[in-house]
Amino acid sequence: MEANQFAAIGVTFSISMFITLLSFMTGLNDLLDGLILNRTPHIRLYNEIKPNKDQPVNTTTAFKDHYNFIRSLKSGGSRQEIYNSAAVLQALKNDPRILGYAPKIFAPVFFNDGSISIAGVINGIEVEAESNYFHFNDYIIEGVAADLKKVSNSIILGKGLAVNLLADVGDIVQVTTSQGEQFPLKVVGVFQTGIQDFDKTQSYASIVSVQKILGKAGTYITDIQVKLKDVKTAPAVAVVYADLFQLDALDIQTANSQFETGSFIRTLISYAVGITLLIVAGFGIYNILNMMIFEKMDSIAILKATGFSGRDVKRIFLLIALSIGFFGGMIGLLAGLGLSALIDQIPFTTASLPTVKTYPIHYNPLFYVIGAAFSLITTYLAGWFPSRKASKIDPVIIIRGK
Amino acid sequence: MSEKILEAINIYKEFHDPVTVPVLQDISFSINKSEFVAVTGKSGCGKSTLLYILSTMDTDYKGALFIDNEPMKNKKEAQLAAIRNQKIGFVFQFHYLLNEFTVLQNVMLPGLKLNKYSAKEVEHRAMEKLTMLGIEKLALKNANRVSGGEKQRVAIARALINDPVIIMGDEPTGNLDKKNSEIVFDIFKQLALEFKQTLLIVTHDEGFAKKTNRIIEMEDGRIN
Ligand SMILES: Nc1ncnc2c1ncn2[C@@H]1O[C@H](COP(=O)(O)OP(=O)(O)O)[C@@H](O)[C@H]1O
Ligand SMILES: [Mg+2]
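Heads up: the sequence lines are chains Y and F, in that order.
Numbering of the first sequence is given in our numbering, commencing with residue 1 and proceeding in unit increments.
Numbering of the second sequence is given in our numbering, commencing with residue 1 and proceeding in unit increments.
Worth flagging that the hints you see were computed from the coordinates, not collected in a lab.
For glycine and all other residues, C-beta sits at the position ideal for the given N, C-alpha and C.
Hints should not be assumed to be uniformly reliable.
Think about it this way: if two alpha-carbon atoms lie no more than 27 Å apart in a straight line, the pair counts; the simulated DSSO-like pairs of lysine-lysine are [stated by the list, open to error]:
1) Lys178/F x Lys314/Y
2) Lys73/F x Lys62/F
3) Lys116/F x Lys87/F
4) Lys389/Y x Lys196/F
5) Lys210/F x Lys392/Y
6) Lys75/F x Lys392/Y
7) Lys137/F x Lys75/F
8) Lys196/F x Lys116/F
9) Lys392/Y x Lys62/F
10) Lys159/Y x Lys93/Y
11) Lys314/Y x Lys137/F
12) Lys73/F x Lys33/F
13) Lys189/F x Lys4/F
14) Lys75/F x Lys120/F
15) Lys314/Y x Lys73/F
16) Lys179/F x Lys389/Y
17) Lys178/F x Lys137/F
18) Lys389/Y x Lys120/F
19) Lys314/Y x Lys75/F
20) Lys76/F x Lys392/Y
21) Lys211/F x Lys189/F
22) Lys141/F x Lys196/F
23) Lys200/Y x Lys212/Y
24) Lys314/Y x Lys189/F
25) Lys392/Y x Lys189/F
26) Lys314/Y x Lys4/F
27) Lys73/F x Lys120/F
28) Lys4/F x Lys179/F
29) Lys87/F x Lys73/F
Residues on chain Y that point at chain F, a partial pick, calculated with CB under 10 Å [unchecked claim]:
30) Ser299
31) Ala301
32) Leu303
33) Gly307
34) Phe308
35) Arg388
36) Asp394
Work out the full structure, taking the sequences as your base and the hints as a guide.
Structure follows, in C-alpha cells:
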C-alpha cells in the first residue's frame with residue numbers, strides 16, 4: 001500500500017505544480033500585459049501631420065498614369081486637430097461596440113526652470129474618462145487626479161519630470177508653448193507609470209486648461225482614445241472610423257503585436273512544463289503499478305482461482321490506478337490552490353507597478369478542470385498496460401511456483 | 001445410479017521443456033456426488049498438473065472434461081472463471097489468503113463475485129462457515145495475523161462460501177504439523193459425511209488417503 005501512496009504523492013506534486021505554475025504565469029502575463037495595455041486605447045483616432053495628398057502635379061491629366069513624387073505643398077497645410085470632433089464623439093457615444101472613450105489634446109511644450117527649459121508634453125484629458133477607461137488614477141503617487149478639474153490651471157507631472165523641475169505638489173511651474181506663449185501652472189499631483197522615458201517628459205492637465213494654453217476653441221482635441229467591449233474587433237472598427245471621418249486610426253493589435261506573441265509563448269511554456277510534470281508522474285504510476293503487480297502475483301492468482309476473470313482483475317487494477325489519480329489529483333488541486341494563495345501573499349513591490357503589492361496570481365477554474373482531467377487521464381493510461389499484464393497472469397504458473 | 005459430478009475422459013498433457021514429454025496420459029475416471037476421493041502418487045508423477053486441468057485453470061490439454069455434466073472444452077476464459085467461482089472450491093498447500101483483507105473479507109470475496117446474495121447475506125453466510133470450522137473469533141483479524149493451521153481453515157471456509165459441487169485440494173495438509181493436519185482432515189471428513197460434500201484431495205500422506213472413500217493412485221502420469 002505504501003507504493004500506492006508514493007504514486008499518489010507523485011500525482012499530487014505534479015498537479016499542484018501544474019496549478020501553481022499556470023496561476024502564477026498567467027498572473028504575470030496579465031500583469032505584464034496590463035502594464036502596457038491598461039494605458040493603451042483599443043483604438044486611437046488622430047490626425048497625422050503628413051504631406052498633402054492632393055499635390056498640384058496630380059491635377060494635370062498628363063501624368064495621370066505616372067507615379068508623381070514632386071511635392072510642393074508642405075505638411076504645414078494640414079492640421080493636427082480632429083475636425084468636427086463633436087460629430088465624431090457623438091458617433092462613438094451611439095456605437096454599441098464601444099465601451100467608452102476619452103478625448104485628449106497632445107500639446108508639446110517647454111517646462112521652464114530658471115534659465116533651462118525641458119522639452120515635454122502636456123496631455124489635455126477628461127479626468128473621469130481617463131480614470132474610468134485607462135486607469136489614470138492607479139498611477140498617481142502624490143495628490144489626487146480629480147484636482148485637475150477642481151483647481152484651475154493645474155497640472156500633474158511625471159515623477160522624473162517633477163524631480164528634474166524640483167517641483168512638489170503646490171508649486172507653480174512655467175510652461176512655454178510652441179507658439180512662444182508663457183503660462184504658469186500649479187502642480188496638484190505626481191504620477192509614475194514605471195516607464196522612465198514617459199515619466200520624464202509627460203504631464204497631464206484638463207482639456208480646458210490645455211485649450212486655454214494653446215489659445216484654441218472649446219472643441220479643439222487632437223486624439224480620441226477608444227475602449228471597446230471586445231478588444232478583438234479593434235482592427236475592424238478602426239477601419240470604419242478612419243473611413244467615416246477621414247482620420248488616422250491605430251488599433252491595439254497593430255500597435256502592440258509583440259505583446260500577444262509574448263503572452264502566447266509564456267502560456268505555452270507553462271502548459272508544456274505542467275503537462276510534462278503530469279507525464280512524468282504518469283510514468284511513476286506506471287512503474288509503481290508494474291511493481292505492485294509483481295508483488296501481488298499471489299493475490300492475482302488466488303482471485304483467478306476463485307473465479308475472478310481476467311477482465312475483473314484488469315478492472316481492479318485500473319480502479320486502483322484511477323483512485324491514485326483521483327485522490328492524488330484532488331489533494332494536488334487543493335495544494336495547488338493553497339500554494340497559489342501563499343504566493344499571492346508574498347510582497348512584491350516595483351516602481352513600475354504602483355497598484356501591485358504582492359506576486360500576481362490568476363485564479364482560473366479552467367486550470368483546475370484541466371488538472372483534474374489530466375490526473376485521471378494520465379493515471380488511466382499509466383494503469384492500462386500494467387492492468388492488462390495483470391489480467392493475463394496465468395494462475396497455474398504462480399500456484400505451481402510455490 | 002448416483003449423480004456424476006466430474007468426469008475425465010482420456011486426458012493427455014505434455015510439456016515442451018525443451019523436448020516434448022507427456023506428463024499425463026489416458027486419464028479417465030469419474031467422481032460421483034458426495035464421494036471423498038484422494039489422489040496419491042510419488043512426487044513428480046503429475047498430480048498437481050492433473051488437478052490444475054480438472055479445476056479448469058489449465059486449458060492446454062487433450063481429452064474431455066465434464067463438470068456437473070457440462071463439457072469444459074471450448075469455453076472462454078471468463079466462462080471458466082464463472083464455473084470456478086460457482087462450482088469449484090479450492091484449497092492449496094500454501095494458504096493463499098489476500099493479506100490486505102480480514103479473514104471475513106477473504107471468505108466473502110468469491111461470494112461477492114458470484115453476486116447471488118446481497119453483501120449482507122454473503123457476510124452472514126461467511127460467518128456461518130467460519131463458525132462451522134470453529135474460527136469465528138478470527139473473523140475481523142487481518143489475514144496475515146493468523147497461524148498456518150488457521151489460515152488453511154479460512155481457505156476451506158472460502159472454498160465453501162458458494163456451496164460448490166466439488167472441493168479440490170492440492171496437498172492441503174502438506175505444510176501443516178500433525179495436529180493441524182488432523183483438524184483439517186476431520187473437517188473434510190465432516191463435510192463429506194454431514195453435508196454430502198464431494199471432495200477431490202491430492203495428497204502424498206498415506207494415512208490421510210487411507211481414511212477416504214476412494215483412492216486414485218497415479219504413477220508416471222497414468223492412473224492405475
Ligand atoms: N511448466 C512445466 N514445464 C515442464 N515440466 C513441468 C512443468 N510443470 C511440471 N512439470 C513436470 O511435470 C511433472 C509433474 O509435475 P507435478 O504435476 O507438479 O507433479 P506432482 O504434483 O505429482 O508432484 C514433473 O516431472 C514436473 O517436473
Ligand atoms: Mg504437486
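We went through each hint and held it up to the structure:
Restraint check for Lys178/F and Lys314/Y: not satisfied, since their Cα atoms lie roughly 40 Å apart, outside the 27 Å limit. For the given pair, Lys73/F sits about 9 Å from Lys62/F by alpha-carbon distance, which is consistent with the 27 Å threshold. A hinted pair counts as satisfied when its Cα atoms are at most 27 Å apart, and Lys116/F with Lys87/F qualifies at roughly 13 Å. About 40 Å separates the Cα atoms of Lys389/Y and Lys196/F, which puts this hinted pair outside 27 Å; it is violated.
Straight-line distance between C-alpha atoms of Lys210/F and Lys392/Y comes to about 39 Å, which puts the hinted pair past the 27 Å bound. A C-alpha spacing of about 17 Å is found between Lys75/F and Lys392/Y, which places the hinted pair at or below 27 Å, so the restraint holds. Pair hint Lys137/F plus Lys75/F does not hold up; C-alpha atoms about 40 Å apart against a cutoff of 27 Å. For a cut-off of 27 Å, the pair hint linking Lys196/F to Lys116/F stands: about 22 Å separates their Cα positions.
About 22 Å separates the Cα atoms of Lys392/Y and Lys62/F, which keeps this hinted pair within 27 Å; it holds. Our distance criterion of 27 Å between C-alpha atoms is broken by Lys159/Y and Lys93/Y, whose separation comes to about 34 Å. Between Lys314/Y and Lys137/F, the direct Cα distance comes to roughly 34 Å. Violation of the 27 Å bound is thereby established for this hinted pair. For the hint linking Lys73/F to Lys33/F, the alpha-carbon distance of about 22 Å falls within 27 Å, and the restraint holds.
Pair hint Lys189/F plus Lys4/F holds up; C-alpha atoms about 20 Å apart against a cutoff of 27 Å. Between Lys75/F and Lys120/F the alpha-carbon distance is near 32 Å, which puts this suggested pair outside the 27 Å criterion. A hinted pair counts as satisfied when its Cα atoms are at most 27 Å apart, and Lys314/Y with Lys73/F qualifies at roughly 24 Å. Pair hint Lys179/F plus Lys389/Y does not hold up; C-alpha atoms about 41 Å apart against a cutoff of 27 Å.
Annotation: proposed proximity of Lys178/F to Lys137/F holds, straight-line Cα distance about 23 Å (limit 27 Å). About 33 Å separates the Cα atoms of Lys389/Y and Lys120/F, which puts this hinted pair outside 27 Å; it is violated. For the given pair, Lys314/Y sits about 20 Å from Lys75/F by alpha-carbon distance, which is consistent with the 27 Å threshold. Using a Cα cut-off of 27 Å, the hinted pair Lys76/F and Lys392/Y holds, with the two alpha carbons roughly 14 Å apart.
Our distance criterion of 27 Å between C-alpha atoms is met by Lys211/F and Lys189/F, whose separation comes to about 9 Å. A C-alpha spacing of about 30 Å is found between Lys141/F and Lys196/F, which places the hinted pair above 27 Å, so the restraint is violated. Annotation: proposed proximity of Lys200/Y to Lys212/Y holds, straight-line Cα distance about 24 Å (limit 27 Å). A threshold of 27 Å between alpha carbons decides the hint, and for Lys314/Y with Lys189/F the separation of about 38 Å lies outside it, so the pair is violated.
With a C-alpha separation of about 37 Å, the suggested pairing of Lys392/Y with Lys189/F is violated against the 27 Å cut-off. With a C-alpha separation of about 35 Å, the suggested pairing of Lys314/Y with Lys4/F is violated against the 27 Å cut-off. Under the criterion of a C-alpha separation no larger than 27 Å, the hint pairing Lys73/F with Lys120/F is inconsistent with the structure, at around 36 Å. This hinted pair does not check out: Lys4/F and Lys179/F have alpha carbons roughly 34 Å apart, beyond 27 Å.
Distance hint between Lys87/F and Lys73/F is fulfilled; the C-alpha atoms sit about 16 Å from each other, no more than 27 Å. For Ser299/Y, the suggested interface contact is upheld, since its CB lies about 5 Å from the closest CB of chain F, less than 10 Å. For Ala301/Y, the interface hint holds, the least distance from its beta-carbon to any beta-carbon of chain F being 7 Å, beneath 10 Å. For Leu303/Y, the shortest C-beta to C-beta distance to chain F is roughly 8 Å, which falls under 10 Å, so the interface hint holds.
A hinted interface residue such as Gly307/Y counts as satisfied when its beta carbon comes closer than 10 Å to some beta carbon of chain F; here the least separation is about 2 Å, so the hint holds. Contact between Phe308/Y and chain F, as hinted, is supported at the beta carbon level, the nearest pair being about 6 Å apart and thus within 10 Å. Annotation: interface hint on Arg388/Y violated; nearest CB of chain F at approximately 14 Å, more than 10 Å. This hint holds: Asp394/Y has a C-beta 8 Å from the nearest C-beta of chain F, less than the 10 Å allowed.
Checked against the numbered hints listed earlier, the structure breaks hints 1, 4, 5, 7, 10, 11, 14, 16, 18, 22, 24, 25, 26, 27, 28, 35; every other hint is satisfied.
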